[in-house]
Amino acid sequence: MIRRLARIVDLTMSTDRIENLSQQLRTGQHVAHLGLVGSVGPGLTPDQLACLIALVGSSADKKAFAALFGYYAPRLKSFLGRQGFSASECEDLVQEAMLNLWRKASSFDPDKAGASTWVYTIARNNGIDRRRQSGRSKKWEELTSFEDVDPDPSAEAMMVTAETEKKVREAVKALPPEQAAVINMTFYGETTQADIAQTLGIPLGTVKSRAKLGLHRLRRVMDSQP
Amino acid sequence: MTHEDATIDGLLMRYAAGNLSPAPALVVACHLAMSPTNRRLAHGLESIGGMLVDDAPIAPLSAGLFERTVAKLDQSVKRPDRMALGPNQAANDKSMAMPAPLARRSIGRWKWLGPGMHYARVEMPEDPEHNLVLLRVPPGRNMPEHSHSGEEVTLVLKGAFHDDGGRYGVGDLILEDQKTSHAPRVDADGECICLAAIEGPMRIKGVIGRLIQPFIGL
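Heads up: the sequence lines are chains L and F, in that order. Per the numbering used here, residue 1 is the first one in the first sequence, and the count goes up by one each step. Per the numbering used here, residue 1001 is the first one in the second sequence, and the count goes up by one each step.
Next up, chain L with everything else stripped away, as it sits in the complex (with noise of 0.2 Å):
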């Protein structure tokens, strides 16, 4: 069908499971029976997710968008909510990051990243700009720009991407409560260990310890990659 497509069916989903997407995709089947056009999203797989958003990046397919949008607008909604920014600013930044996916889709490589993770940096560097213009506190006044990785395209494909996002999600998973925290709390917006020290009521080095176990852990996972 087509190249992006074609690769996540070998790397992930069977012909026939592709084509039944895209079947139900064309004829708004998927969208109508999941309810999903502006509404709450249920679960997709990440195959599902990675296909749709090849198929917005192939052929600007706006069934696949309202699918997305589905899935991801009330999620990135509270996920921002989180990082602290108000209601109305994560709507608008929910929208911005939606119309950025719009743009961006075709150059989504289900090679180097799985489809949550694309969306999740696409949000992010929004929210980093957003903290910029506003400066709205002084938390936040050091967050601004953000200087995207964009690694030679010769480097090695990253051929067993999902397996390894899955593998860091168990891991993540399995981490001691402490360890998680820590690490779960740097990507709410607490931006220094000291910070998540205060936020939490235990001591500094607590934290770097916490964090220094948990990404120890983390590192041997990834590092046992093939």
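Any given hint could be a false lead.
If you only want the chain L side, here are some residues facing chain F, beta carbon under 10 Å, derived [as the list claims (entries may be wrong)]:
# : residue
1 : Pro-46
2 : Leu-49
3 : Pro-74
4 : Ile-183
In silico DSS-like links for lysine-lysine, alpha-carbon gap of 25 Å or less [to be verified]:
#  : chain 1 : residue 1 : chain 2 : residue 2
5  : F       : Lys-1158  : F       : Lys-1094
6  : F       : Lys-1158  : L       : Lys-104
7  : F       : Lys-1094  : F       : Lys-1111
8  : F       : Lys-1158  : L       : Lys-62
9  : L       : Lys-112   : L       : Lys-167
10 : L       : Lys-104   : L       : Lys-173
Since the hints were derived computationally from the structure, they do not count as laboratory data. Since the structure is predicted, the reported quantities are computational estimates derived from the model, not experimental observations. By construction, the Cβ of each residue, glycine as well, lies at the ideal position given by its N, Cα and C atoms.
Go by the hints and put chain F onto chain L.
Just chain F now, with coordinates in the frame of chain L:
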């Protein structure tokens, strides 16, 4: 170097979470362009962000948000002007690593910093809190001894230097906080070029430092 690894892991974590300022984020991005291993770690950490999005609670959306978004899909985007690429004289030096995130930046001329030592400023108007500079130090010499008021993130682009903490070669990333003030020495067999993001005003020590400080404005 277990201790250093933990420090760098923490830095990559802040990078993945979007908590670094532009200048140190650029230095980290350059490092990732040079280190497949840490690029994999950074990607893994970004995938935690993806997981948190997947697991985030379903928030109710305002009525019409979807329709308003769809209405904008076909509008042509006014792309913000990409930063015009200025001269990048350092990029002419083929002997030093020039990772893509740095190559996209405008870099000033090499300027005199002390006997045999030079620096070049990397333009980053979006981050006035940091000095982003290339430092070029001759073989066997001490790096300019300095102290700084915040964090300093350094990446080796050519040659190598060593200090109490170990030896650092091309592609190595070093994080120091304001407590460190030392004078690392460049290997005897070749000059060393580093990219450094220095938080807050930098103070170069010694007579020469005090003499040149007002002129270089680091």
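Next on the checklist: A closest beta-carbon separation below 10 Å is what the hint needs, so does Ile-183 of chain L meet it against chain F?
Outcome noted: holds (7 Å)
Hint check: Lys-1094 of chain F vs Lys-1111 of chain F, CA-CA at most 25 Å. Holds or violated? At roughly 19 Å apart (the allowed maximum being 25 Å), Lys-1111 of chain F and Lys-1094 of chain F satisfy the hint.
**Q.** Restraint check for Lys-1158 of chain F with Lys-104 of chain L, where alpha carbons must lie at most 25 Å apart
**A.** violated (35 Å)
* Is Lys-104 of chain L close enough to Lys-173 of chain L, meaning Cα to Cα at most 25 Å? -> violated (30 Å)
Discussion item. A closest beta-carbon separation below 10 Å is what the hint needs, so does Pro-46 of chain L meet it against chain F?
Written reply: Because about 8 Å separates Pro-46 of chain L from the closest Cβ in chain F, which is inside the 10 Å limit, the hint holds.
Is the Cα-Cα distance between Lys-1158 of chain F and Lys-1094 of chain F 25 Å or less? With Cα atoms ~10 Å apart, Lys-1158 of chain F and Lys-1094 of chain F stay inside 25 Å; holds.
Pro-74 of chain L as an interface hint toward chain F, with CB separation required under 10 Å
Hint on Pro-74 of chain L: holds, closest Cβ of chain F at ~4 Å, below 10 Å.
Verify the proposed pairing of Lys-112 of chain L with Lys-167 of chain L, using a straight-line Cα cut of 25 Å.
holds (15 Å)
Is the Cα-Cα distance between Lys-1158 of chain F and Lys-62 of chain L 25 Å or less?
Judged against 25 Å, a Cα distance of about 49 Å means the pair is violated.
> Does the nearest C-beta of chain F fall within a distance shorter than 10 Å of the C-beta of Leu-49 of chain L?
Replying inline: holds (9 Å)
In summary, the structure is inconsistent with hints 6, 8, 10 from the numbered list given earlier, while agreeing with the others.
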